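Enquirer: So the protein sequences, as listed, match chains D and E.
Under our numbering, the first residue of the first sequence is numbered 1, with each subsequent residue one higher.
Under our numbering, the first residue of the second sequence is numbered 1001, with each subsequent residue one higher.
Heads up, some of the hints might be wrong.
With a cut-off of at most 35 Å between alpha-carbon atoms, the simulated DSBU-like pairs for lysine-lysine come out as follows [to be verified]:
#: 1; chain 1: E; residue 1: Lys1067; chain 2: D; residue 2: Lys15
#: 2; chain 1: D; residue 1: Lys71; chain 2: D; residue 2: Lys11
#: 3; chain 1: E; residue 1: Lys1036; chain 2: D; residue 2: Lys71
#: 4; chain 1: E; residue 1: Lys1036; chain 2: D; residue 2: Lys62
#: 5; chain 1: D; residue 1: Lys78; chain 2: E; residue 2: Lys1036
#: 6; chain 1: E; residue 1: Lys1056; chain 2: D; residue 2: Lys11
#: 7; chain 1: D; residue 1: Lys16; chain 2: E; residue 2: Lys1056
#: 8; chain 1: E; residue 1: Lys1067; chain 2: E; residue 2: Lys1056
Worth flagging that the hints you see were computed from the coordinates, not collected in a lab.
Computed from a predicted structure; not experimentally measured.
If you want the building blocks of each chain, they are given just below.
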Amino acid sequence: EAGVVQSPRYKIIEKKQPVAFWCNPISGHNTLYWYRQNLGQGPELLIRYENEEAVDDSQLPKDRFSAERLKGVDSTLKIQPAELGDSAVYLCASSLENIQYFGAGTRLSVL
Amino acid sequence: GEDVEQSLFLSVREGDSSVINCTYTDSSSTYLYWYKQEPGAGLQLLTYIFSNMDMKQDQRLTVLLNKKDKHLSLRIADTQTGDSAIYFCAESLQTGANNLFFGTGTRLTVIP
């Protein structure tokens, strides 16, 4: 069975440019999470979806970040415009019950 | 708020046991998890324990939970070089669709 798939694996952009990340969760997992992991830190939740509904986006910087999960399956996370401080690894996870499974992440470098 | 703390580094010799410690502050934690992260990779779930348990063993891994002291540990028996990675402790505060709160991670280095 395929795990959580994220793309791209790496992205390098200049500041003020837009960027988007894509996540395909494990089949049948209704809950999807986006985390940000800064260098030397643990992941921190940005947003959680139950099917297509964002049920917890309290930590998402809404001035520049947006996310969608239109059909309750795959999801995109967008940053527009990107800032230098957005450089991090963006991790997607999905769960069916109490166990979250993570993708390999997208490493974003903003120059 | 939720605060999960771990020591940053641990070095052990191949074949020895490793013990990675974690403390958390929220007594309403329901599940506690250990994840492993290798360089450039995502997080791999190693094991987890429900808050009404005090020990769980899974092959080379032993998890001990002391709810009174809010202390969680992961023991890896017969540590191998392939165990070198960053280990994250995480807690969740409710059943069902839970948000995880992670520690900063402990970098385990196994010396051949």
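Enquirer: Look at each hint and say if it fits the structure.
Expert: Hint by hint, here is what the structure shows:
no.	hint	result
1	Lys1067/E - Lys15/D	violated (46 Å)
2	Lys71/D - Lys11/D	holds (25 Å)
3	Lys1036/E - Lys71/D	holds (31 Å)
4	Lys1036/E - Lys62/D	holds (30 Å)
5	Lys78/D - Lys1036/E	holds (27 Å)
6	Lys1056/E - Lys11/D	violated (40 Å)
7	Lys16/D - Lys1056/E	violated (48 Å)
8	Lys1067/E - Lys1056/E	holds (14 Å)
Taken one by one, the earlier hints fail for this structure at numbers 1, 6 and 7, listed in ascending order.
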